[in-house]
Each structure stands twice: as structure tokens, then as C-alpha cells.
Amino acid sequence: MVGADQSAGMVEQARVNHPEVRFEQIGLQELAFEGEFDAAICIDAMEHVPPEDWPRVLTNLRRALRPGGHLHLTVEEVVDRNELDRAFAEARAAGLPVRHGEDAREGTGGYHYYPDRDQVRIWLTETGSTLLDESDERIDDYGYYHLLVLAP
Numbered sequence: 468m469v470g471a472d473q474s475a476g477m478v479e480q481a482r483v484n485h486p487e488v489r490f491e492q493i494g495l496q497e498l499a500f501e502g503e504f505d506a507a508i509c510i511d512a513m514e515h516v517p518p519e520d521w522p523r524v525l526t527n528l529r530r531a532l533r534p535g536g537h538l539h540l541t542v543e544e545v546v547d548r549n550e551l552d553r554a555f556a557e558a559r560a561a562g563l564p565v566r567h568g569e570d571a572r573e574g575t576g577g578y579h580y581y582p583d584r585d586q587v588r589i590w591l592t593e594t595g596s597t598l599l600d601e602s603d604e605r606i607d608d609y610g611y612y613h614l615l616v617l618a619p
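Here the sequence shown stands for residues 468 to 619, numbered as in this note's numbering.
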């Protein structure tokens, strides 16, 4: 078992809480595991990955799995998609080079990217993976799109 986070503080806290587990400070974009795991879980992380890095991150996660391995992935979603339209319009009006779904406005907790579900499915398919199951979880104005993926 290996835990990974790009935040040094989170890795240190994890090591304190679970000294028996190996933790690495690394971004999802830099994961370099090769067929080492039967399963991987990526929760509360993908919303911080910019759209141009999603294909690389999903490929890294797939590559880390043994053939037939499973990935459980969550994608944070904004329930009110009109909110994303507003964020996009504000960013474009400010001259920022954003794609629809990106939101870095004050009070939003930092940079987030909320991709369209169809785009997530396309990116997963491009890795050669198979989407086995998907489900929804709603919490107030946000939700999570859960995906269970099978590595080739």
C-alpha cells in the first residue's frame, strides 16, 4: 500500500496517523508506478487537476495498475452548472485563458476544474480502460461522480 499527495503537510500528517504505510509526496502528474497495484483510489484530488493534465493523470493511474486492476475515482461536481457558466464568463471578461469548467474565484477554495461527464468517459476510454460502474453522491450545492474502472 502506498499513499500519495502533493502536499508535504498532508503527507506528514498521514505518516503520523499511519506509520505502517508508505507515503510519497508527489503530484498525480508525476506518478510513475508500473503495474504495481491491484487497486487504486483517487478521491478529492482530480478537481485540482487542470484539463490539459487529465489524460496524463488518468494514464498514470491506469499504468500503476496490474492488468485487471480496479480504479475508484471521484470527480467533484457543481450541482448548478449555471454557476460554472458564470465563473467562465467572469474569467474570460478578466482576460484569463480558461476552459469551461475551471473555477478559481475568491471563496471557492482555490482552483477547481469540473469536467463534463462525457469528457471524463472519453478520457478514460482513451487509456484503454473500461468503465464498470458509475454513481452519484450529492452534498448541498456539490456532488461527487463516482467511477469504478477496470484496467486492461
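No lab work stands behind these hints: they were computed from the structure.
Check the hints yourself; a few may be wrong.
Pair by pair, the computed Cβ-Cβ distance ranges are [to be verified]:
id: 1; residue 1: D608; residue 2: I508; range: 23 to 29 Å
id: 2; residue 1: R559; residue 2: G595; range: 32 to 38 Å
id: 3; residue 1: V546; residue 2: I589; range: 34 to 40 Å
id: 4; residue 1: H485; residue 2: D603; range: 28 to 34 Å
Glycine included, every Cβ here is placed at the ideal spot set by N, Cα and C.
Which numbered hints are broken by the structure, listed smallest first?
Checked against the structure, the only hint that fails is number 3, while the rest are satisfied.
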